[in-house]
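S.K.: Let the hints inform the model, and build the full structure from the sequences given.
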Amino acid sequence: MAVVDNEKPHAVFIPFPAQSHMKGLMKLAKLLHHRGFFITFVNTEFNQNRFIKTTGPDSLSALPDFQFKTIPDGLPPSDPDATQDVALLCGSIRRNFLTMFRNLLKELSDRSANSENPPVTCIVGDGVMPFTITAAQELGIPVAAFWTFPACGYMGFYQYRALLDKGYTPLTDARQQTNEYLETEIDWIPGMKNIRLKDLPTFFRTTDALNDDIFNLAMESAHKALEASACAIQTFDALESDVLDALSSMFSRVYTIGPLQLLLNNVKDEEKDELDSLGYSLWKEELGCLQWLDSKEPERPNSLQIHPDGSSCEHKIWASSALNTSSIHVKLLVGDKSGPED
1 MAVVDNEKPH AVFIPFPAQS HMKGLMKLAK LLHHRGFFIT FVNTEFNQNR
51 FIKTTGPDSL SALPDFQFKT IPDGLPPSDP DATQDVALLC GSIRRNFLTM
101 FRNLLKELSD RSANSENPPV TCIVGDGVMP FTITAAQELG IPVAAFWTFP
151 ACGYMGFYQY RALLDKGYTP LTDARQQTNE YLETEIDWIP GMKNIRLKDL
201 PTFFRTTDAL NDDIFNLAME SAHKALEASA CAIQTFDALE SDVLDALSSM
251 FSRVYTIGPL QLLLNNVKDE EKDELDSLGY SLWKEELGCL QWLDSKEPER
301 PNSLQIHPDG SSCEHKIWAS SALNTSSIHV KLLVGDKSGP ED
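Quick note on the UniProt record's numbering: the sequence shown kicks off at 1 and runs consecutively.
All clues stand as given, with none of them false.
Taking CB as the label site, the calculated pair distances span:
#, residue 1, residue 2, range
1, 179, 140, 44 to 54 Å
2, 5, 166, 50 to 60 Å
3, 284, 119, 32 to 42 Å
4, 296, 115, 53 to 63 Å
5, 239, 178, 27 to 37 Å
6, 5, 57, 21 to 31 Å
7, 6, 193, 46 to 56 Å
8, 178, 64, 47 to 57 Å
9, 281, 236, 22 to 32 Å
10, 296, 72, 44 to 54 Å
11, 64, 255, 22 to 32 Å
12, 76, 187, 40 to 50 Å
13, 114, 35, 23 to 33 Å
14, 35, 76, 36 to 46 Å
Calculated cross-link-like contacts (lysine-lysine; reagent style DSSO-like; alpha-carbon spacing at most 27 Å):
#, residue 1, residue 2
15, 284, 23
16, 27, 268
17, 106, 69
18, 8, 27
19, 8, 106
20, 23, 272
21, 224, 193
22, 8, 69
23, 69, 53
24, 8, 272
25, 268, 8
26, 106, 27
27, 224, 27
28, 272, 53
29, 53, 27
30, 224, 106
31, 27, 69
32, 224, 166
33, 69, 23
34, 23, 53
35, 284, 27
36, 272, 284
37, 23, 106
38, 23, 268
39, 272, 27
40, 284, 296
Worth flagging that the hints you see were computed from the coordinates, not collected in a lab.
Where is the CB? At the ideal position from N, CA and C, for every residue including glycine.
M.R.: See below:
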């Protein structure tokens, strides 16, 4: 058994179980590990199995003092290669994850007593995982709510309760999705001027707010975050200064820590190679297409084009052919097993 330094600070990270959230928290976890933290990174059992299938079992032990733990997601079995239903995940997070996370923290405490890991000194919970704050409060552990999207996204979530109280949601019927209703101006949001309903995160566009788990998790998370020891946002001051000024009056501590990839790029080469040995993709990388693109004549324009909904994919393929360019066109099928969910 490896010797564990019990004096090391020990941070427990738990992302929302989706690729982009895992990626954001993994980058921050790597940076703290680089600064001397012992890291416990918590996945759902479902995503951990996908992670192992993609990167191999050895990837879980690529870094010393960086361990992975799992909790159940509380959902029925599903296709191991497919994206899980987000609404079902949000419902399970609201109803089941607190108990499972408590059990994991107890396990880590028991392991600490046996010198298998240092005592947990802080929790870094995804902003949309509010149970992490409840668990931290019960144990007296500092907790940071980390938002993987910009400050304006958080501020939009924070308005959901006001939208509900003022009658802007739930929508009366689906027609309000396409008529002029979403052009309605919202004039009370601190640090955000000239905002319309359609500019806010879209989860409020429900006709059943009471039973919509995605909407309710977003609303609950935004307000529970105010109880965290600190709020960390993947943004930077010059980009969102007005919103950040407004948030500074709501939180005791607000940290802007983006872009995380640029911070990782500043790590020394030999240390960065070690950090890069730990991946965070739920999908197997297909390197052949990029090798093909690299093999093309450098004097010809080359490009990689992403089509989120696929609607313009065929049109742009014909355009690339007419312009004599080498292009790879990627069509993302949202919620489908053949593409990312984000």
